[in-house]
Amino acid sequence: MYQVDRAYSYIFYVSLVLYLVSIFWGLFVTPEDFVQGNSYRIIYLHVPASFISQSLYIAMAIASAIFLIWKVKLSAYLVRSIAPIGAITTFIALISGSIWGIPTWGTWWVWDARIVSTLILFIMYLGLISLHDSFSNHEKADKFLSILVLVGSVNIPIIKMSVEWWSTLHQPASITISDKPAIDLVMLYPLFGSIVGFAGIVACLVILSSKLQILRRERNKSWIKNYV
Amino acid sequence: MNIIKFELLKLRNKSRGWLGPILVFILIMVAFPLTVEISNKDLDQSFFAVLWIAVLLVMMLATEDIFLEDFNDGSLEQFAISDISFPYIISVKIFIYWLLIGVPISIIGSLFCLGFTNSGNLAINIFPILLITSYIFINVFSFGNALSLTKGSVLGTLVTLPLLLPLLIVLGKAVISINLNLNYLGFVALLLGVLSIIIFLIPLIISYIIRAHLE
Numbered sequence: 001m002y003q004v005d006r007a008y009s010y011i012f013y014v015s016l017v018l019y020l021v022s023i024f025w026g027l028f029v030t031p032e033d034f035v036q037g038n039s040y041r042i043i044y045l046h047v048p049a050s051f052i053s054q055s056l057y058i059a060m061a062i063a064s065a066i067f068l069i070w071k072v073k074l075s076a077y078l079v080r081s082i083a084p085i086g087a088i089t090t091f092i093a094l095i096s097g098s099i100w101g102i103p104t105w106g107t108w109w110v111w112d113a114r115i116v117s118t119l120i121l122f123i124m125y126l127g128l129i130s131l132h133d134s135f136s137n138h139e140k141a142d143k144f145l146s147i148l149v150l151v152g153s154v155n156i157p158i159i160k161m162s163v164e165w166w167s168t169l170h171q172p173a174s175i176t177i178s179d180k181p182a183i184d185l186v187m188l189y190p191l192f193g194s195i196v197g198f199a200g201i202v203a204c205l206v207i208l209s210s211k212l213q214i215l216r217r218e219r220n221k222s223w224i225k226n227y228v
Numbered sequence: 229m230n231i232i233k234f235e236l237l238k239l240r241n242k243s244r245g246w247l248g249p250i251l252v253f254i255l256i257m258v259a260f261p262l263t264v265e266i267s268n269k270d271l272d273q274s275f276f277a278v279l280w281i282a283v284l285l286v287m288m289l290a291t292e293d294i295f296l297e298d299f300n301d302g303s304l305e306q307f308a309i310s311d312i313s314f315p316y317i318i319s320v321k322i323f324i325y326w327l328l329i330g331v332p333i334s335i336i337g338s339l340f341c342l343g344f345t346n347s348g349n350l351a352i353n354i355f356p357i358l359l360i361t362s363y364i365f366i367n368v369f370s371f372g373n374a375l376s377l378t379k380g381s382v383l384g385t386l387v388t389l390p391l392l393l394p395l396l397i398v399l400g401k402a403v404i405s406i407n408l409n410l411n412y413l414g415f416v417a418l419l420l421g422v423l424s425i426i427i428f429l430i431p432l433i434i435s436y437i438i439r440a441h442l443e
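Residue numbers (the working numbering), protein chains in the order written: chain A, 1 to 228; chain B, 229 to 443.
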């Protein structure tokens, strides 16, 4: 646990520096966009946040499956500790998208498939937290939370594919694994850096939050007393 | 066969359980035009929005005590250890609820559709969609209800409600295609596909949850 603490602080500072450098690069070094002008620069917040918000849900689903199949208690703690962080990143994605919408679409909000499905993801995160907190028996709560997370994971492909299945205002993904990126390399490098930096920061938050969760749940065990 | 008859009699005798949701549905459909202007030409446009939301909320209401009574009097525990497979009993239960609540609501809904839009074609086409949708809704809300079974609250159904929102998008698109005389069978096939997955998975998941509750 002490080694984890040390590694954790290294990861946090490296990611923070990486994110700040990418933001600085994206805001001041990269040129203006031909169509969107300066407003596109919000992608250095919007894209990492929405990318991470979906990835966190997938991480939760994997942890839930591990908990339900192998009964690993730690992964249940992980599910519970990811949920609030996922809600926050989804919220950041929604708000930054709204702010981006004003100069490019001329509106804060449209009832568009991608945006609505992201809002659903946000509501799902809140629902998961409230479901878990409504049970006083933590073991049952963990079980039900994991089931709901697994069932709710059907939403993730819907969010991902919404820009391709429905005709929406939201632009399709600029970076895909298979195709050449639709975004110029000058803008891509800081974007990539900001995604990695943001992911690192969020990972550290998840570690911190799950540490808190372990301390809270195992507070009566002797090894916790030795640690604290 | 016995279990089907048993569940059917049990729900039929509890008239609050099946008549209540149907009455709420009728009341919503009767009351909503009063809030808009009577001469409004767009009434048939907003009709479908109200129809889907009404079906959604009424199904949420209908499944409110689907497992609660059986759980309290201990018969759910007996089902769980009986020879008949537990997921089968749950799927029968859900089917009976759909038969007594979902089917009447589908018929009434398509009658209201005829009344609001004056289009027999639309009313006939909307009927199978209503049938499939109400079955999907009942299944998913039963799952939500099983989650918060001991709580006796609507929290579980509220938590599962967001899962159904993508379905509402599909329903909206289906109505638009019927209105424009386009081929809407693709949407029906999509709904049927969703149903065919749900109809097998949900009883399995619910039986797992209820067993966890009974531990």
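These are calculated hints, taken from the structure and not from any lab test.
Misleading hints may appear alongside valid ones.
Claimed, not checked - Rough simulated footprint, nothing fancy, chain A against chain B, three-plus residues with beta-carbon under 8 Å:
no., region
1, 273-279
2, 320-327
3, 333-344
Stated by the list, open to error - Ranges of calculated distance between the beta carbons of each label pair, as one might list FRET restraints:
no., chain 1, residue 1, chain 2, residue 2, range
4, B, Leu237, A, Lys71, 36 to 42 Å
5, B, Gly400, A, Ser98, 19 to 25 Å
6, A, Tyr10, B, Tyr316, 39 to 45 Å
7, B, Gln273, A, Val186, 54 to 60 Å
8, A, Glu218, B, Gly248, 42 to 48 Å
9, A, Ser55, B, Leu251, 28 to 34 Å
10, B, Gly400, A, Ile58, 51 to 57 Å
Ideal placement from N, C-alpha and C gives every residue a C-beta, glycine not left out.
Quick rundown of the hints versus the structure:
1. 273-279: Our answer is that it is violated, as 0 residues pass the Cβ test (under 8 Å) against chain A, missing three.
2. 320-327: violated (count 0)
3. 333-344: violated (count 0)
4. B:Leu237 with A:Lys71: 36 to 42 Å: The hinted range 36 to 42 Å holds for B:Leu237 and A:Lys71, with Cβ atoms some 40 Å apart.
5. B:Gly400 with A:Ser98: 19 to 25 Å: holds (23 Å)
6. A:Tyr10 with B:Tyr316: 39 to 45 Å: Violated - the Cβ-Cβ distance for A:Tyr10 and B:Tyr316, about 55 Å, lies outside 39 to 45 Å.
7. B:Gln273 with A:Val186: 54 to 60 Å: violated (47 Å)
8. A:Glu218 with B:Gly248: 42 to 48 Å: Given about 46 Å between the Cβ atoms, the range holds.
9. A:Ser55 with B:Leu251: 28 to 34 Å: Cβ of A:Ser55 to Cβ of B:Leu251: about 46 Å, so the range 28 to 34 Å is violated.
10. B:Gly400 with A:Ile58: 51 to 57 Å: violated (28 Å)
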